[in-house]
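K.L.:
The chain contents come next:
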Amino acid sequence: MAQMNMVQAINDALRVAMKRDRRVVLLGEDVGKVGGVFRVTAGLADEFGCERVIDTPLTENGIVGAAIGMALYGLVPVPEIQFADFFWPAYEQVVNELSKYRYRSGGEYTAGMVIRTPVGGGIRGGHYHSQHPETQFVCLPGLKVVCPASAYDAKGLLLSALEDPDPVIFFEPKRIYRAARGEVPEGDYKVPIGSAQVIRPGRDVTILVYGAMVYEALDAAAKAHRQGVECEIIDLRTIWPVDIETITESVKKTGRVVVVHEAPRTLGFGAELITLLTERAFYYLQAPPVRVTGFDTPFPYTLEAEYMPLSHRILPAVLDVAKAS
Amino acid sequence: MAQMNMVQAINDALRVAMKRDRRVVLLGEDVGKVGGVFRVTAGLADEFGCERVIDTPLTENGIVGAAIGMALYGLVPVPEIQFADFFWPAYEQVVNELSKYRYRSGGEYTAGMVIRTPVGGGIRGGHYHSQHPETQFVCLPGLKVVCPASAYDAKGLLLSALEDPDPVIFFEPKRIYRAARGEVPEGDYKVPIGSAQVIRPGRDVTILVYGAMVYEALDAAAKAHRQGVECEIIDLRTIWPVDIETITESVKKTGRVVVVHEAPRTLGFGAELITLLTERAFYYLQAPPVRVTGFDTPFPYTLEAEYMPLSHRILPAVLDVAKAS
Amino acid sequence: MKGVRLVSGSPTYPAAGRESDPQRPGQLDGATMRHISMDDDEYPIVRALSSEGELDPSLDPGLSLEEVVHLYRHLVLTRTLDQRLVLLQRQGRIGFHVGSLGEEAAIIGSTYAVRETDWIFPCYREFGSALLRGLSLQKFMDNMFGNANDTVKGRQMPDHYTCREKCWGSISSPVGTQITQAVGFAWGAKIDGADTATLVYFGDGATSTPDFHSGMNLAAVFKVPTLFFCRNNGWAISVPAEKQTASRTFAEKARAYGMPGVRVDGNDLFAVIAVTRRARERAARGEGPTLIEALTYRMGGHSTSDDPDRYREHAELTPWAQQDPLQRVRNYLEKRGAWRASDEAAWVAEIEAQFKRAVATSESTPPPDLGSMFDDVYATLPWHLLEQRVQLFEGPRAPKLH
Amino acid sequence: MKGVRLVSGSPTYPAAGRESDPQRPGQLDGATMRHISMDDDEYPIVRALSSEGELDPSLDPGLSLEEVVHLYRHLVLTRTLDQRLVLLQRQGRIGFHVGSLGEEAAIIGSTYAVRETDWIFPCYREFGSALLRGLSLQKFMDNMFGNANDTVKGRQMPDHYTCREKCWGSISSPVGTQITQAVGFAWGAKIDGADTATLVYFGDGATSTPDFHSGMNLAAVFKVPTLFFCRNNGWAISVPAEKQTASRTFAEKARAYGMPGVRVDGNDLFAVIAVTRRARERAARGEGPTLIEALTYRMGGHSTSDDPDRYREHAELTPWAQQDPLQRVRNYLEKRGAWRASDEAAWVAEIEAQFKRAVATSESTPPPDLGSMFDDVYATLPWHLLEQRVQLFEGPRAPKLH
Ligand SMILES: Cc1ncc(C[n+]2csc(CCOP(=O)(O)OP(=O)(O)O)c2C)c(N)n1
Ligand SMILES: Cc1ncc(C[n+]2csc(CCOP(=O)(O)OP(=O)(O)O)c2C)c(N)n1
Ligand SMILES: [Mg+2]
Ligand SMILES: [Mg+2]
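Each protein sequence line maps, in turn, to chains Z, V, H and S. Using the working numbering, read the first sequence as starting at 1 and increasing by one per residue. Using the working numbering, read the second sequence as starting at 1 and increasing by one per residue. Using the working numbering, read the third sequence as starting at 1 and increasing by one per residue. Using the working numbering, read the fourth sequence as starting at 1 and increasing by one per residue.
It is possible that some hints are incorrect.
Unchecked claim - Pulled a few chain S residues facing chain Z out of the computed Cβ check, cut under 10 Å:
#, residue
1, S51
2, Q244
3, L370
To be verified - Computed far set for chain S versus chain H, every beta-carbon distance over 12 Å:
#, residue
4, D60
5, L65
6, E116
7, K223
8, R248
9, L317
I should point out that these hints are in silico values taken from the structure, not numbers from a laboratory. All residues carry an ideal CB built from backbone N, CA and C; glycine is no exception.
Construct the complete structure from the given sequences, taking the supplied hints into account.
P.N.:
Written as structure tokens, this is what we have:
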């Protein structure tokens, strides 16, 4: 197996899919000749031609609208939104068209596709290059939302997403694009959508986390361990539909839960997770669940480390919730 | 005091504000000559001229973008989005500009405005004329989100919103536009933003609700009363920032809570309410909070009554939660 | 083909929006029309059929008499159904209808002009197009009632059906969203090497949307075989076309994208067919998209929810009534001895009988299954929808709302 | 004023996008430029100053020599700072810079041409405009470092300052959003009866966004006094202007909105001023907006995060270097005995000294207060932000991330 970082793993997944299936086409701003501003699509235009790796004009609504049309025709489009922060011109197409297409056409038409987009902070991006907007997609019935934390999962989830009949929003945590390195198998393999992974078992506190914050949770858990608190960390991998069994089981065991996400707290995904767990594990909960999240402000530039739910904020939350009764 | 329905009350509020303050201007599709597709702005173009009551081309992003510019200039624009379902072309301006304007300009620029838009189902509107998308606005720091349930509140809240320094999303529950009739004072008065109202006191179960569903909750509470269960109904009126004291106090008293909203369940506002209450009244809760909401599907046409969280679904939830222990 | 100019260019085009150059009142056969600039030196209105039914031979699309009769019957079908559906709505038996009164020729002609393997991306006023392609009246009516047999399973409002087997799209309400999708579809076909074009319908109001802008731009840049068919019916609900844009025509917007634009008399079945075919041939040659502005008029309200008397003078309809698209084809047929009042009366009677039967069937068909509410959100039901489905079934049934 | 044609119209405009009419390579003073169609019969490029510094008297904006020197100093200031900021970024002392190398005259000229009470709505490349208006170098540098004195309180990336007191807007990163806002601002002024125009900057890429389309349309329909200033610098990151649109020019997009469009040599300070003033006068007469396409070239990368060698030949820069906007003004001044190498060397030395001082001050200014993170989200802190603020203060401080 080769060592790859997440950028390489995603690139590799796209290459595998494009080689096998000529229906797969990529489109977006700067995805072609230059290979993406993060170089995720590097080399693909050369290999597959600019008819299948398309540099588009600056038009997010056009990219997603056209991708829907391509999908209706029978292609498997993979639009890229250069930063999730710039998704919004395309949101009309996502809310009213993409997410509802099969439903509203009585099952006649489907628009399976994977929309890739980098998310998250910690890269000195200020509030226009750091947002992590899963809320606006999880709240839309009809979409699946994925966010890998490792190179292995990124490739495996993307290959699953490309064969999924439903539209998948594929969030790429850009802070760990290069830092998340690991063994990645060659060729095809799948990480199933909808399955979380217990990446650290523990009996005291469950930490629910995804994307770049997984590493912060791991760091906090290592420190908590030194103070005698054992965290069970679940990397959700798929944000929605969440792996309800895995998380419920863990919380029934620990009775204590900390949710970590970069997005602002109010109506962040933590609210849904905590409500789901309250609904189905209420009598197991030994302490109020805790959210460690971005604050309810736009994402700041200079103070981004203070804004983000990094290890230094996860650790006290874990220790508190472990003590509470 | 005059009897008015909600349409008339909103119309009256706009008239009062426009008479008093020439900075107030309305803009939107069909708001002028024809007075809005629901006739909320009827007569205002005649009274204040078409420079201040502006029929625009079909461009939601243009309407909100231009309104921001007007607000920066110093006007108080009141854009109308004809149906909340068609908000999305303007969402980029809301997410990246309107909600962040003061913050991102270090306080130099503000864009106070009230965006009015009809929301909700029960009018045979199918999924493009029935949505209730508070999630997408509550999750954006910088916005206030309001949703009145009575003619009195509609006028009083709108008059508050028009003087609020922050941008306010004003959701008008169209199903009760004409049904919600009541006494409405003449001239100016305010219902403060951020304050909920206990519209039925009760000791057993707290129902948190807003907009058109308030009447469904009242109906269910009347029926629950006949079965010996006393509901405390809180009409939130302001969705965000929610009146945290009023709701927490009530839940500390009853220990049982049912949240009702039309939007789909997943990451609906219920998730935030339940999480907030779990965080601050965990040890008072005697049963898991319950959500009675729209289902996680697009809003259907023929089966809309089955989809909506009407009285027939609220009542069993209330009775269940009252019994649970 | 004389008069069909897909190319722009004229020295006399005046500066738009100049105080010194007020919007000239339009003229069409002598009638003044307030809402639409009816002539423009650079974008003349292509017209084949005179009010009297004379056909300009240079614009003759070469239809056989049988074809014309066939299309005329579809015009009559469309109009008759429109009128019946409005009545049905007034009786409270259906919830809504958005009709095509006055716009029939633009719709029928353009759909007829493309190939049956070309895909139609509808707006919401084109049921005539769907019926011409082969949607059955019964299926259409099932949608109007949102019953169990509705192609969209009762999930959308009336007039939001779909018809994939006839290469005909899925209707949604948001204005403009179908435009970029139509471009993507044809682009997909092009990438796939298929000679498939798309024909996308939208109104004058839709030209102000983001998706018009992006769809036009993408199609032109990538030479995508999409025909952009703008039904300029003078109104976007209550907003007249002259307030929708300050350009004198909609056709000239094409030029901003490096695409040819053409204006056609939308009440002229023959001209619509000629112009649309010409654009289709251009697409087939790999030269890309064309914008067609069909000048017509919305003779009814925006929909059954709208009362146009609130914002327009009834007198405005008169000149357009004189240009009635059905009457003009009828004149053409009559001149050729191919139309008799008694024939038409018989057709209408037959249509009405069919309609009655279809309505009776649709009205007595039960609503969709309760459980169908959860289908098709995802390809298979995820855990949360399975749970919600059980909750719904175990809970009490809803009261009737309407 | 010869050559400034705000009016379009020509019989020779060819059908765009025709196979038979390939994109002609552009010509400007003999140099071939691949990315931009440099001449068009209908939209000729307005040019006042030759490469040698000759001024076409018919296009002379009538600047005094002092004014030209003043502007030239600002051109030098802009360029010098640009170069210094790139170095600073390479040293890791600032996080980012998005520069205006090669586009200085387009920016300085247009800002100078409008009134000081007109409002500027910037894109992100116009720090030269802000400095010309009166933003202090220190404030600018405080933003580059995101420190406590930054006008936007360290909340945004470098180059995202604001300067309300000089009628200068607030920068955000999303492409195009400022366009409709600029229209709304001028529209508000018009409703208020004030003679205030807005000048809005955007790039060639931005013409593909929804807000370009909507802003242009609204401004034209309501005759709003907005000057749309498109810096066509040939590139949107790696996408060349010729792939951004199939129209031959950006100026002609104006026509789709019923608005005049004009192309100006963006490397010609005098022509930019002349054309922008002409558009401003038009606005003052109540005739509404104008689209100005300034032809220029992005001599650097898109930003410090970009490596243009990945997608463009370095040779492409040569013809543009020969049209350097500073050199041309310098030639003009030299011809009039108003430029000396020693003067310029002294200015640059002074700028560099000032820059050094400003950097030193900014770099040693502390970051914004922790608590400031919660200010300005709302006018006053709601309960949840008060709570979160307390949580932040009570919790541990963050590690350094960078
Ligand atoms: C994005 C969006 N905004 C607003 C509406 C409400 N609406 C429905 S139809 C319509 C007017 C459309 O006019 P036009 O495009 O000319 O089509 P026509 O109805 O005349 O055929 C409006 C404003 C909508 N459906 N979608
Ligand atoms: C809506 C949006 N999409 C994408 C981006 C990423 N992006 C930043 S600048 C840019 C190119 C802009 O090109 P142009 O408008 O020509 O301006 P220039 O940078 O050349 O001055 C892109 C794609 C963005 N900021 N906003
Ligand atoms: Mg119309
Ligand atoms: Mg550019």
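K.L.:
Compare the structure with each hint and give your call.
P.N.:
Evaluation of the provided hints:
Evaluation of the S51(S) hint against chain Z yields a violated restraint, the C-beta minimum of about 31 Å exceeding 10 Å. Restraint check, Q244(S) versus chain Z: the minimum CB separation of about 5 Å is within 10 Å; hint holds. A cut of 10 Å between beta carbons decides the hint on L370(S): the least distance to chain Z is about 6 Å, and the hint holds. Once the 12 Å rule is applied to beta carbons, D60(S) is consistent with being away from chain H; the minimum gap is 24 Å.
In this structure L65(S) is separated from chain H by more than 12 Å, as the shortest Cβ-Cβ distance comes to about 35 Å. Distance check on E116(S): its Cβ is at least 27 Å (rounded) from any Cβ of chain H, clearing the 12 Å threshold; non-interface status holds. Some Cβ of chain H comes within 12 Å of the Cβ of K223(S); the nearest lies about 7 Å off, and the non-interface call is violated. With a cut of 12 Å on Cβ distances, R248(S) falls inside the contact zone with chain H, its closest approach being about 7 Å.
Every Cβ of chain H is farther than 12 Å from the Cβ of L317(S); the closest lies at roughly 25 Å, confirming the non-interface assignment.
Of the numbered hints stated above, those contradicted by the structure are hints 1, 7, 8, listed in ascending order.
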